[in-house]
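Residue numbers (the working numbering), protein chains in the order written: chain A, 1 to 328; chain B, 1 to 328.
Because the hints were derived from the structure by calculation, they are not lab data.
There could be a bad hint or two in this list.
Claimed, not checked - Which residues of chain A face chain B? A few of them, derived with a C-beta cut under 8 angstroms, are:
#1 Glu29
#2 Val47
#3 Ala48
#4 Thr52
#5 Ala94
#6 Asp130
#7 Asp135
#8 Thr138
#9 Thr142
#10 Asp233
This structure is a prediction, so every number in the text was calculated from the model and none was measured.
Just so you know, even glycine gets a beta-carbon here, dropped at the ideal spot from N, CA and C.
Number of protein chains: 2
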Amino acid sequence: MTDDPRVGDLGEGQILQAILARLGESRAEVGPGDDAAVLATPDGAVVATVDTLVHGPDFRLAWSSAYDLGWKSAAVNLADIAAMGARPTALLVALAMPDDTRLSFVTGLADGLRDACDSLAPGCVVEGGDLTVSDTLTIAVTALGVLGGRPAVLRSGARPGDVVAVAGDLGAAGRGLALLFARFRSDDGTPVPVDADGLDRGERRDLDAQLRPEPPVRAGERAASGGATALMDVSDGLVLDATRLADASGVTLAIDSSSLGGDPASALSGGEDHALLATFPSSRALPDGFRAIGAVVERMAEAVLVDGHTHEGRGGWDPYSDWDAARG
Amino acid sequence: MTDDPRVGDLGEGQILQAILARLGESRAEVGPGDDAAVLATPDGAVVATVDTLVHGPDFRLAWSSAYDLGWKSAAVNLADIAAMGARPTALLVALAMPDDTRLSFVTGLADGLRDACDSLAPGCVVEGGDLTVSDTLTIAVTALGVLGGRPAVLRSGARPGDVVAVAGDLGAAGRGLALLFARFRSDDGTPVPVDADGLDRGERRDLDAQLRPEPPVRAGERAASGGATALMDVSDGLVLDATRLADASGVTLAIDSSSLGGDPASALSGGEDHALLATFPSSRALPDGFRAIGAVVERMAEAVLVDGHTHEGRGGWDPYSDWDAARG
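So that you can see chain A by itself, here it is in the shape it has in the complex (with noise of 0.2 angstroms):
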């Protein structure tokens, strides 16, 4: 098809015009075309992070469409500058793919960053970014943002007495996955397309959140100038993402499960939430967006307790020990 060919077929050139035509207007000092991007930092300082999406391990392309690898690729960035207590102000690209990737599914993906930024965190554009021929495809991308004056917030500050608080949904994207595996593969476990016609709605907002998710990225900031004493990302399961604040912080999180909706077992050892989750003092209210779902404790035995006990489940995702590739 010479309507939409290869990347193979093209030069490094035309697929950046692809690619640079689809995304917003630069806002940098400096943006895409010379050899590294210039962003101002107005405060003396810059948030910065990378998260990489693997095919294989990380999405399937019988689920995932190039408009939802970008913008998930942007969303898990986005969410990370916000743990911080920032707002992002830029995304750089390294896209590397193999060269019979349609020029369309180049596009798609740049559709799917742009709209991400748009939605999730408006004035945040891609600002650079890298081509690359590989067998597998990959998106690395690093995400920038600024503080605004304020100090980032960090995971080690929450101080017992502190009111423990969410952000952002805890669950739905680790069922999505669940029904990803259990309903969308042939009988020798190849992922296939999705119909979603046959799911109910809460089934296809779990499929969403997975596919698509939308982190509070903005909740991020507000978080900060409300005072929170410690932010982070919830991205490896609720119970083990506690426990790693706890640990920085030296204190226990007391998590009440009554307060995590109707599936607390989904919340508490999801993955892939991008959520954020808080500590603020007490005496504080909790910003729009935020919801208690526990208190700070003094240090005990346990980093994490729900309901005043050891949490039994699977405790949540190590890339490296969890993954399997025989299952599909």
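Since chain A is already given, all that's left is putting chain B on it; use the hints.
Same frame as chain A, but now just chain B:
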């Protein structure tokens, strides 16, 4: 070998710990361990770039050690920061690797990253990153830098009458790649390990330039403070990159091949040099490390002239149209 476990048999935390032990001490306001790094940008601007090395198109494990790969993945990104007239301050490293990768490979890579920073850009440290499983070993490095109060030096500022100058080697890295393809493949084209015993001193130097490049990173800041009107990294061959600078500036670059050393053909079209190409007002003395190779003239039909003529040789390297997996 339990002495050298596969990363697939370790948890993410164990791999991270082994990497962090190899890297220099963080110099960031917030270094590795939180959701994102926070870096100081004293003059209110940050320079940011990303470049990816992919197993296959960008390197072969028969030819490059883990240390070489760490070194090169840092070096090529440090060069892009230098090419803005900036000083590199931090790297973020997104590492995607097969789960049968040995831990010693990961630590070797970390050693190479650290030593390249220490040698080429003292003060620059790996301040964050990401680990993922992938069928294809992929190293995406984001480099960040600061401008020291000066404006960035773009590709677009060259003016007729300026001197064209370069810092760093031109041609050796391309010759080194040709040497690998010519001498270190088996009969069926498979790369075989390099035996340096049969190489003369010049060939060893070429190989080093290809596998462990030493771009003149500190010359970037010297160019900026020395009045450079335009500056860029030469990564795809001098003629191709000079064309880009000429087009961005709306001028023609007239290059004198007698200034290009003993192998002008390689210097003009080599690729992966990571030299710095700059233009300076003729009234200024060239900063340390730069040598004149020509002059900027009013724009003509050709963007680049070599000894007054159109360059007829190979122009440079395009990762999409030039890469052929079947080559070996």
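Review point. Measuring from the C-beta of Asp130(A) to each C-beta in chain B, is the shortest one below 8 angstroms?
Key: holds, 5 angstroms
Review point. Close enough to count: is the Cβ of Glu29(A) nearer than 8 angstroms to one in chain B?
Key: This interface hint holds because 6 angstroms falls under the 8 angstroms limit.
**Study point:** Thr138(A) as chain B interface residue, shortest Cβ-Cβ below 8 angstroms
**Key:** holds, 5 angstroms
Check your understanding: Is the hint on Ala48(A) kept, meaning its closest Cβ partner in chain B is under 8 angstroms away?
Key -> This interface hint holds because 5 angstroms falls under the 8 angstroms limit.
**Study point:** Restraint outcome when Thr142(A) is required to lie within 8 angstroms of chain B by C-beta distance
**Key:** holds, 4 angstroms
Check your understanding: At a threshold of 8 angstroms, is the proposed contact between Val47(A) and chain B supported by beta-carbon distances?
Key -> Val47(A) check passes; min Cβ-Cβ to chain B is 5 angstroms, inside 8 angstroms.
Practice item. Verify the interface restraint on Ala94(A): the C-beta must sit less than 8 angstroms from at least one C-beta of chain B. Key: Interface hint status for Ala94(A): holds (4 angstroms vs cutoff 8 angstroms).
Check your understanding: When the nearest CB of chain B is found for Asp233(A), is that gap smaller than 8 angstroms?
Key -> Hint holds; Asp233(A) Cβ to chain B Cβ min 5 angstroms, cut 8 angstroms.
Review point. Minimum Cβ distance from Thr52(A) to chain B below 8 angstroms?
Key: Holds: closest Cβ of chain B sits about 5 angstroms from Thr52(A), inside 8 angstroms.
Review point. Regarding the hint that Asp135(A) lies at the interface with chain B, is the smallest CB-CB distance below 8 angstroms?
Key: With a minimum Cβ separation of about 5 angstroms from chain B (threshold 8 angstroms), the hint on Asp135(A) holds.
Consistency with the previously given hints is maintained throughout, with no hint failing.
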